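Asker: Each chain, letter by letter, is given below.
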Amino acid sequence: MKFLSNSALERLRAGADTPDLGGTPYRLLERVARGGMGVVYAAEDTRLGRRVALKVLDLPDATGELAARLVREARVLARLEHPGIVPVHDVGRLADGRVFYAMKFVEGQRLDEHTASVKSAPDRLRLFLRICDAVAFAHARGILHRDLKPANIMVGPFGEVLVMDWGLAKIIRESEPDPGCGSEETVVELARTETRDEDSTEGSGRTAHGAVLGTPGYMSPEQARGDVARLDERSDVYSLGAILRQLVSPDNASIAAPRPLAAICAKATAENSADRYASVQELSSDVSRYLDGLPVSAYRETYLERVGRFYRRYRVAILLIAAYLVARVLVLFLARR
Amino acid sequence: MNKVLLGILLGAVLGAVDGGTAWFTPAARTQMAGIIFGSTIKGIIAGVAAGFFARKVNSVPLGILFGLAVGFVLAFIVAYMQHGYYFEILLPGSLVGVIVGYATQRYGVATAAATR
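Just so you know, the protein sequences line up as chains F and E, in that order. Per the numbering used here, the first sequence starts with residue 1, numbered consecutively. Per the numbering used here, the second sequence starts with residue 1, numbered consecutively.
Derived by calculation from the structure, the hints in this document are not laboratory data. Hints are supplied without guarantee of correctness; some may be wrong.
Pair ranges (Cβ atoms, derived) [stated by the list, open to error]:
no., chain 1, residue 1, chain 2, residue 2, range
1, F, Tyr314, E, Ala16, 34 to 40 Å
2, F, Ile172, E, Arg106, 27 to 33 Å
3, F, Ser120, E, Gly38, 44 to 50 Å
4, E, Val13, F, Leu330, 40 to 46 Å
5, F, Arg259, E, Tyr80, 37 to 43 Å
6, F, Asp292, E, Leu65, 23 to 29 Å
7, E, Val13, F, Lys104, 51 to 57 Å
8, F, Ala335, E, Leu65, 33 to 39 Å
9, F, Asp275, E, Leu65, 47 to 53 Å
Just so we're clear, the structure is a prediction, and the values are computed from it rather than from any experiment. The beta-carbon is built from N, C-alpha and C at its ideal position, and this holds for glycine as well.
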């Protein structure tokens, strides 16, 4: 008997994993990434001659629950037409029965990789505001993301921000009649019963599956408890607060975040959801106010801090007026001699 | 506030204040009204010029340079007419131009483009 070598086995395994795109208008290019329940491939849409990303289900799915979830994710994306949310182009089934959907191929970096090269704190905050815009839009459409984390946010080459991976999204209310999505809430509940403990890697940044869905460190306490009934916009506010904290005080930062910003993070990530910002707009509004040199709702500043903020905001004007007054005094002084 | 209006108001206030400081020069106290009036007009002219410049050119450094140039020229004309006090008039006058030039660029709001 002759045994196969390890390399031959690897090649066979890779071949078996590679999706057969026959019968679809897509031509496989390369494997890009692996998500919680699927693999993302780069492919070419041969009809339009453009590069797309294909998310293909890649887990055993005897009951069809995961397939339903992937389709549901595509449907959620389809109703979220926003520059900050990756658009879905197509959904379908491969010859081997696996479900896939095609979306825009995003060339860029993950948020955590991108921000390593962004040294300016205001630039990081402006990036954060664009993330908030996309999430606020989804909330306005009645959809919670539930898995916001730097790994699920892409920054394009022109600074465009795209919120990805809506696989754990929860529909909290119907914003408009959508005949195809009537059973989505049921699908979410089915997904909650999924038990895949091997993926529940604490602190690894991978999305945990099981009774509790989300990523440790970014999911809200109520989400971590599996208290699905209590989840609302403030759960995503918590995740955004955790992202903001990472943006303003990365692990290797030698300088602590300014107090108003730290207070914004603290309010957004409050243990009790009632103590958080009620909406993403409130959070982004506070960050905008900080950027504009205005007081923020999360922090009561001292008189000295107020004076300092006023000076920073109008520094050039104050210096010009001071220069004028000095010039005037100088002129008077010289005139009297 | 739009850039031209901001330039006019700021130029008028700074011009008036600039003229008012003549009170500290005893020899000029008898002509205070004329000095304040003339200085206010000078400030307004500088403000209008800086405001229109800010409408055309969106650049703080260029706005400051333009304000400096306008303030200097106007102050020079006044000093020339006074036959003296060049330093006393040119330095503050130029600084008023700089402040107005900066303020119109930084704080003036661009008016919407006219549409048919």
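Asker: Give a verdict on every hint.
Answerer: Cross-check of the supplied hints:
1. Tyr314(F) - Ala16(E): 34 to 40 Å: 21 Å, violated
2. Ile172(F) - Arg106(E): 27 to 33 Å: Violated, at about 43 Å.
3. Ser120(F) - Gly38(E): 44 to 50 Å: 46 Å, holds
4. Val13(E) - Leu330(F): 40 to 46 Å: 21 Å, violated
5. Arg259(F) - Tyr80(E): 37 to 43 Å: 54 Å, violated
6. Asp292(F) - Leu65(E): 23 to 29 Å: 27 Å, holds
7. Val13(E) - Lys104(F): 51 to 57 Å: This hint holds: roughly 54 Å between Cβ atoms.
8. Ala335(F) - Leu65(E): 33 to 39 Å: Violated, since alanine 335(F) and leucine 65(E) (Cβ atoms, about 28 Å apart) do not stay within the stated range.
9. Asp275(F) - Leu65(E): 47 to 53 Å: 51 Å, holds
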